[in-house]
Amino acid sequence: MVHGSPVEIPRPSVGVSVPRVDGAAKVTGEALYVDDLPKRDGELHGATVRSPVARGVLRGVRLDPAFNWSDVTIVQAADIAVNTVALIVDDQPILAATHVNHVYEPVVLLACADKAKLARAVRAVTLDIEPLPPVFDMEQSLAKVEIIAGEDNVQKRYLITKGRADVKVEPGAVNGESATAIDAAIAACDVVVTGRYFAHHQEQMYIEPQGVVAWWDTDGAHATGSIQCPFYVHKAFTKAFLLDADRIHITQAVTGGGFGGKEEYPSIIALHAALLAQKSGAPVRMIYDRKEDIEATTKRHPCICEITSGCDRDGTLRALSIRMIMDGGAYVTLTPVVLSRGTLHAAGAYRWDDVRIESIAVATNTPPNGAFRGFGAPQTIWAIERHLDAVAKKLGRDPIDLKEQNVLREGDVTSTGQVLRSSVAGAECLEKAVLASDYRAKRARGPVVSGRTARGIGAAVFMHGAGFTGSGERYLKGKVAVDLLAGGRLGIRTASTDIGQGTETVFRQIAADAAGIAVDAVDFAVPSTTTCPDSGPTVASRTVMVVGSIVENAAKQLSARVRAEVEAHGGTFGEATDRLIAREGPITSLLQYAPPSFITWDDTTYKGDAYPCYGWACDVAEVEVDLDTFEVTVVDFWSATDVGKAINPVMCKGQIEGGSLQAIGWAVSEEITWRDGHITNPRMTNYIIPTSLDAPRFQTILVEAPFAMGPGGGAKGIGELPMDGGAPAIAAAVEHAVGVAMGSLPLTPERILAAKQASERTSA
Amino acid sequence: MKISLTLNGAPRELDSAPLVRLLDALRGPLGLTGTKEGCGEGECGSCTVLLDGDPVNACLVPIGQCEGRAITTVEGLGEMAHLSPLQRCFIDEGGAQCGICTPGMLISAEALLRRVPDPDEPTIREALAGNLCRCTGYQRIVESVRRAAELLREGAAR
Amino acid sequence: MSLADLHFFKMTREPSLDALCAVVAERHAQGLATILYAGGTDWMVEQEMRAPLHDEPPLVVDIGRMGELRGISLAGDSLRIGAGTTYLELERSAVVQARAPMLVRMAKDVGAVQIQARGTLGGNLATASPAADGVAALAAYDATIVVKSARGERRIAMADLQTGYKKSTRAADEIIVAVELAPPPEGSPWYWRKVGARRAQAISKVALAGVAVVENGTATRFGVGMVSVAPVTARMATTRALVLGKALAEITAEEIDHAVDQDVTPIDDVRSTGEYRSHVARALTRDLLRQLGARV
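Protein chains in written order, with our numbering: chain A, 1 to 764; chain B, 765 to 922; chain C, 923 to 1218.
Worth flagging that the hints you see were computed from the coordinates, not collected in a lab.
One or more of the hints may lead you astray.
Calculated from the model, a selection of chain B residues having no Cβ within reach of chain A, i.e. all distances over 12 Å [claimed, not checked]:
{"#": "1", "residue": "I767"}
{"#": "2", "residue": "S768"}
{"#": "3", "residue": "P775"}
{"#": "4", "residue": "R878"}
{"#": "5", "residue": "P881"}
{"#": "6", "residue": "D882"}
Here are a few chain B residues that face chain C, going by a calculated C-beta distance under 7 Å [to be verified]:
{"#": "7", "residue": "A781"}
{"#": "8", "residue": "L783"}
{"#": "9", "residue": "V784"}
{"#": "10", "residue": "G804"}
{"#": "11", "residue": "E805"}
{"#": "12", "residue": "G806"}
{"#": "13", "residue": "G809"}
{"#": "14", "residue": "D818"}
{"#": "15", "residue": "V820"}
{"#": "16", "residue": "G828"}
{"#": "17", "residue": "Q829"}
{"#": "18", "residue": "A893"}
Rough simulated footprint, nothing fancy, chain A against chain B, three-plus residues with beta-carbon under 8 Å [what the hints assert, rightly or not]:
{"#": "19", "region": "792-798"}
{"#": "20", "region": "842-853"}
{"#": "21", "region": "870-877"}
What you are looking at is a predicted structure, and each value in this text was computed from that prediction instead of being measured.
The beta-carbon is built from N, C-alpha and C at its ideal position, and this holds for glycine as well.
Next up, chain A with everything else stripped away, as it sits in the complex:
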């Protein structure tokens, strides 16, 4: 046995791979996830009766009169004070009341102490639904074959224009002046390429399913569970239960992965559990099984991008026109924000003189799509990277040369008119990944065929905006409290959650260094809406960069006070702290985020500084394609990723490798299949995420182009970036190996075979 006490951590700790502070609890099984929380007195299990119909009028709910309902709590829409899930648009009911708009839509909630009886009770409820024609296809929705949402099925539109296309703001006007202008700009180019690219649904597949325990007492409503953003749930309770803020207590349990899937969805399961708890007067535990989790919860938005671009004969990119559609699913949820991020990343990491990007999100009668790592950007980066590969092919050049020639550099201007003044590392990442992977030699050599396999290599270059879009942080006003504690310790109180990515550990490192104390002299409070200020949600690659910088400033402020006390009256840091507390009582630094003053953003024209800064990366994938079966094996995966400053290198690499494998899974094996609005593969046995044998060797190179406002000497967001490049890099490698250019995901053997057969028919 090795003793469990951690090794001595050097000071300063930033840049050191401090072992995760929650590690010991996790490796011993002591960590309490929601389903591990001790049973509360009188606790009931909760279950959901869901619509089997994709669209229809809810005529009634019939309870089997033969069933003994005496010990079953039943909640329906009529039981809810305000039947709306509070998010961006108030379109989603907590329980369907008059209509259902997707299969799996919750209609009735049941609770019972006996789990076996509860399962029977679910079957004893019949939903009387008069079906209406559903729309499952986003283009059919756009064509308004049926009006299923609002006036025109459209959930949100954006228009970005730059250069000659920047003539008029006219979202939705397909033949408007800017469209004419961009068409003319493209037509004037030497080389014009048009392509259509499709990106598919993706299930987050956190290994811990969604779950919440809710109860009511004299303090109001309580919910604790697997939650990424406690204040989202808090807001949802405020609206639904008409409660004062201080009557709602939302606490995070140890969370077994989220990846966006536990950003907005937990509001729904928490509302459901709390409704049952309110009506029954007993605590209610709702834990989804895997099937229900896959069926009912949000997924990555499918996206179609139609791209036409023009460039000079020497490869200088000039003009870009993109028309993109995202499938929002039945309700709006976070779709406007996902569409925004997708739109803002659609031009890729490249310079363009003239740009027009028109984006539309439409409703379909499928479960709402929502947050998933990357948040719309992986879909549009897939498209633009595949498109540039096609442009390179037309020019007779290697894609990496074209990308190197056009990648945004310091002083360049993005499609929203943002001047990139500093922390721009696309070219550096490209160079490092290309060098490490021996990309150029391998490309020059051509695909290596050995036996019945062909090996190919491909690359993707990309950037990802860190933090909230545009003025988001200004509206958000994220806050953190740091307490000065006896003996010279600090206590961090934040709503930023650790869902596996290492927030707890990294925040301690940032605070410790800022205050000049040891990492183990910093505490981290369990995120709770009752005890922690609203730091904003744990999303958008903002936790370390934005919230971490508040932690840093608050720790600095407290430390300055203690050091002044030391200066004035002597003693150690700990002694001075104790004197301060004795004199003044509890001392806390409660700070609010101050967005960088140089950021200007116009939400109406979609112009300005879309993000405070960007993370940059280049992924190189080497694949082996089986020439008999067209199975794709990703053999090696290089990623040179600019993180600004690696606070904790092992955790940074863990984010990059884990995100990259999610991208690999999305690219080659993960696929949601549908029939009549039902998911036909709602199980881990047929929604295929990679195993250890499917994962490549990852060779991760950390690049550090510091962001002046980032904590710890310049840290930037890292959470989402690694999701962006894997799919296009793999598709490029597959194209290199077998000569088939795939524009649609996923790259399953069935699809590669079909594409190969189609291309052989064409060439024959």
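Following the hints, put chains B and C in place on chain A, whose structure we already have.
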């Protein structure tokens, strides 16, 4: 039905319906919630425990079949204050992120290292192939197991 | 959800195979089902998918440790493997490694270690699924299934086992006791290739098992079994006849493709497409024959 078994080295007895899943027996009457449920169908491996030394999915084993047999769960590997080398390495090398797959992953790794003290990378990956992880990309898990094997061999040599 | 119903099941053990046969026969006579529970890797998953119970649950008999269903022995030219043998036991068996190495290779592709430690050959045969890897491997060895009931013991040739999708000639009261096969001489060529959606924890889209004895460029023994290309495990009669009929070097790719097309009738399902399966069936068969010496 009365069932006697050895749990993490200690004899235990419980009264349970025989078809109740070992997973539910462990997390319920036996009071050990370290073993996790991720799918309930033998795919994710989060509920992996050792049954007479071999890794099995506790969601597919009825408790009635455990009569007289030895079960090892994550709680049997080490404690917070006395971590096993494998547990220590999962922390130090970044093998655990969200941690929900970690107990099962540790058990599969433990089973491997008991049989193969010096596994190469493909052997490690094969031994862990029944444990799905969505956070790490597996690389740091493989590194954790390799490092633990080194420590164990160094310890054995001493 | 109906996992909650597991609480209502009863489970017994029987002291001997004869006693087990008697229990099964008696219940069968009353029209009652008996679940013989070995590894439970299929059954437990099915419970999760099943509707809640409304009637008395069927009796479950734990056969996991019944001695007469276990053990691996080689007697003369016959390798006998108890039906209760797990995939992990197959992998660890020295005699199977030496005499039926294809079974070892197949076993390593079943799920992952956790499933291999629990799943049994007998369980695979009992479900008689066309997607069962073990059944295809046994088909390639032209194995014989030993079944027993209160009415006595009999042997079923693999060729006669399956009659339709998950249907078999084994009677409801017959218990699978063992499989017997005549192993080819040590060092004989064999083939196992599984094509699944990932490299572990996968159910085959297509898999091909093959064993052969080749003398002077001609196959004198040739057995194959293919997974998930027909309602039953494909034994590929046309392909077998083609290969046994002429020198391997003379077999053409076109002949192979033609034979395979006669032998398989794949369909679209949640795991793959019929078109892809047809392609892979041809490609794997060519690959197998290429390794035996065909110039394709």
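Results for each hint:
1. Once the 12 Å rule is applied to beta carbons, B/I767 is consistent with being away from chain A; the minimum gap is 20 Å.
2. Annotated as non-interface, B/S768 keeps its C-beta farther than 12 Å from every C-beta of chain A; the closest such distance is 23 Å.
3. Residue placement check: B/P775 keeps its beta carbon more than 12 Å from all beta carbons of chain A (closest about 20 Å).
4. Annotated as non-interface, B/R878 keeps its C-beta farther than 12 Å from every C-beta of chain A; the closest such distance is 16 Å.
5. For B/P881, the non-interface assignment is confirmed: its Cβ lies about 17 Å from the closest Cβ of chain A, beyond the 12 Å cut-off.
6. Interface exclusion of B/D882 from chain A stands, the closest Cβ pair being 18 Å apart, more than 12 Å.
7. Among the interface hints, the one on B/A781 holds; its C-beta lies about 5 Å from the nearest C-beta in chain C, closer than the 7 Å criterion.
8. For B/L783, the interface hint holds, since its Cβ comes within 7 Å of a Cβ in chain C; the closest pair sits about 4 Å apart.
9. A least Cβ separation of about 6 Å between B/V784 and chain C falls short of the 7 Å threshold, and the interface hint therefore holds.
10. For the restraint placing B/G804 at the interface with chain C, the shortest Cβ-Cβ distance is roughly 6 Å, inside the 7 Å limit, so the hint holds.
11. Proximity of B/E805 to chain C holds as hinted, the smallest CB-CB distance being about 5 Å (cut-off 7 Å).
12. At about 6 Å, the closest approach between the beta carbon of B/G806 and any beta carbon in chain C falls short of 7 Å, and the interface hint on this residue holds.
13. Taking 7 Å as the C-beta contact cut-off toward chain C, the hint placing B/G809 at the interface holds, the least distance being around 6 Å.
14. Given the 7 Å rule on beta carbons, the hint for B/D818 holds: about 4 Å separates it from the nearest Cβ of chain C.
15. For the restraint placing B/V820 at the interface with chain C, the shortest Cβ-Cβ distance is roughly 5 Å, inside the 7 Å limit, so the hint holds.
16. Interface restraint check: B/G828 against chain C, minimum CB-CB distance 5 Å, threshold 7 Å, status holds.
17. Evaluation of the B/Q829 hint against chain C yields a held restraint, the C-beta minimum of about 5 Å falling below 7 Å.
18. Because the closest C-beta pair between B/A893 and chain C is about 3 Å apart, less than 7 Å, the hint holds.
19. Here's how the region 792-798 of chain B fares: 3 of its residues keep a CB closer than 8 Å to some CB of chain A, so the rule of at least three is met and the hint holds.
20. Note: the region 842-853 of chain B has 10 residues with beta-carbon separation from chain A under 8 Å; the three-residue rule is met and the coverage holds.
21. Residue count for the region 870-877 of chain B with a Cβ under 8 Å from a Cβ of chain A: 1. That is fewer than the three needed, and the coverage hint is violated.
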